[in-house]
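Trainee: What follows is each chain in one-letter form.
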Amino acid sequence: MDWTFLAISAVKIIGLVFLTIMPMVAYSVWAERRVSAAIQDRVGPNRVGIAGLLQPIADGLKFILKEDFTPSHVRKTYYWMAPALTMVPSLLTCAVLPFGSKLFGEKMVIADLDVGPLFVFAIASLSVYGIVLAGWASNSKYPFFGGVRSTSQMISYEISLGLSIVPLLMIFGTLNLGEIVQYQAVEGWTLLPIWGEEPLWKKAIIAVPMFISFVIFMTSIFAETNRLPFDLPECETELVAGYHTEYSSMKFALFFLGEYAAMIIGSGLAVTLFFGGWSLPFGWLAPESIDAEIPWWHGFIHMGAFFGKVIAIILFFIWIRWSLPRFRYDQLMRLGWVFFFEIAVINVILTAVLLIWLKPGI
Amino acid sequence: MAIVVKRPKLKWWEQLYLPAIFKGLGITLRHFIATVRGKKKVTMQYPEEKWNDHLPEHYRGAPALVTDEQDRERCVACQLCEFICPPRAITIKPEEIPSDDQWAKVEKRPKAFEIDMIRCIYCGLCEEVCPEQAIFLRKDYSITGTSRAEMVHDKERLYEIGGKRVGLVNKWNELK
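Residue numbers (this note's numbering), protein chains in the order written: chain A, 1 to 362; chain B, 1 to 176.
Note that these hints are calculated values from the structure, not bench results. Glycine included, C-beta positions come from ideal geometry on N, C-alpha and C. Do not take every clue at face value.
If you want the footprint, here are the derived chain A segments under chain B, 3+ residues with CB under 8 Å [said to hold, decoys possible]:
| hint | region |
| --- | --- |
| 1 | 36-45 |
| 2 | 321-330 |
Some chain A residues well away from chain B (every beta-carbon gap over 12 Å; in silico) [claimed, not checked]:
| hint | residue |
| --- | --- |
| 3 | K62 |
| 4 | Y129 |
| 5 | G173 |
| 6 | V186 |
| 7 | E198 |
| 8 | W284 |
Input sequences plus hints: build the corresponding full structure.
Mentor: Structure follows, in structure tokens:
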């Protein structure tokens, strides 16, 4: 057993999941409330601490101290399992996200897998079980509808989500997220390829299918994380609160936090695939290769760049949520199956043709 | 007969929905920036900022009793307000003014005058009906208490809120 490896991994897990992602989850709830308030000409929570910054702690305390009520008509085992099944996959997926280049000679990723995006999709699709179980175990009609809706929605959008990143993987030629970021640091971000050695016109042409991929990917991430405009499973106008209607206290909070954690991981994946992960624009401070030694302060700057980008995408998520109305269910299905699926398939073929034309070598 | 609503035929770029989405994002972004820069007056930060300076003259707050310029209590315990009060919040116990009092000619005064502020609906009928102009609705609006008993305003409290009012009816003055 390699104890140093285990110790370093443990430090990374605690540092990333418990000291970074969890506070980010708490504060994205705060940001959600403040930004939505500003968009709607309100103030939002501003009482607890300076500008309401301690509000998440107050919310957490409230959730812990509330009565944990289990209705008598639920199926207890599954009812208790469901919140954990929503929260755990959301946090598991962050294992493969490269949240920095290198710090003190260590790669800033918990598990340097060669199947990064596949791992993320495999685990992320598990979180649907939490919602389905919650809907079924609650033994009441609205949660049931929420669970059913969630199942069909997730299945529909997972296909276009997976297909939308195939063109990217064809260009990168690797499934290792760390190498994908390294490629973008040198050759230009997927959506901003204006530096690197390749001639600009070639990259501009390649950027077109990349942009289509980006639109499909982002929309599917919205659908996967059950965010508005795709929050049909918990659509409060029709389904009371959807799958978590029968939940209270910390169990409800777990659903809530799981949703936000999924949103953060989704943003992290979008940043890694489309906005160059931890790399700075124009190839500044880009390491020679993924294994090259870099000064420690470069490592910190790269981490800062990654989390800065993630926060920007989260703000985009929030901004979208408070701008667009909810889709009707048939529109949602139509959009997923009739448009995004086809466009994603065509996009794969288009990218293949463009690659044969522009980069015959690979 | 059913009316057929004509749906406008959308152009191809309108069917993409993307322009409409960007337009919507633009609107929300404008609101966001305006609010963050403090260009939009939002709500009053209540406990720190209060309504006090912004209340209109006709505001109907807590009812209170007033005295006249000679510190005589205006109320003559006629009990009209007690009878008119729709939620029956007012309870008056009248008593006779002893003959050696300076204001013996007024004959009656309230021994106890209680307004149950849990019941009061701030309708202002007591003020309207009072022939002596002794009861007024003041601008106090945050009437709070920790028990039911605390929410009942007795005579002392009512005069404390009401204070003195001059230049109204003077029919009990020496001059008259």
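Trainee: Could you check the structure against the hints above and give me the numbers of any it violates, in ascending order?
Mentor: Checked against the structure, no hint fails, so every one of them is satisfied.
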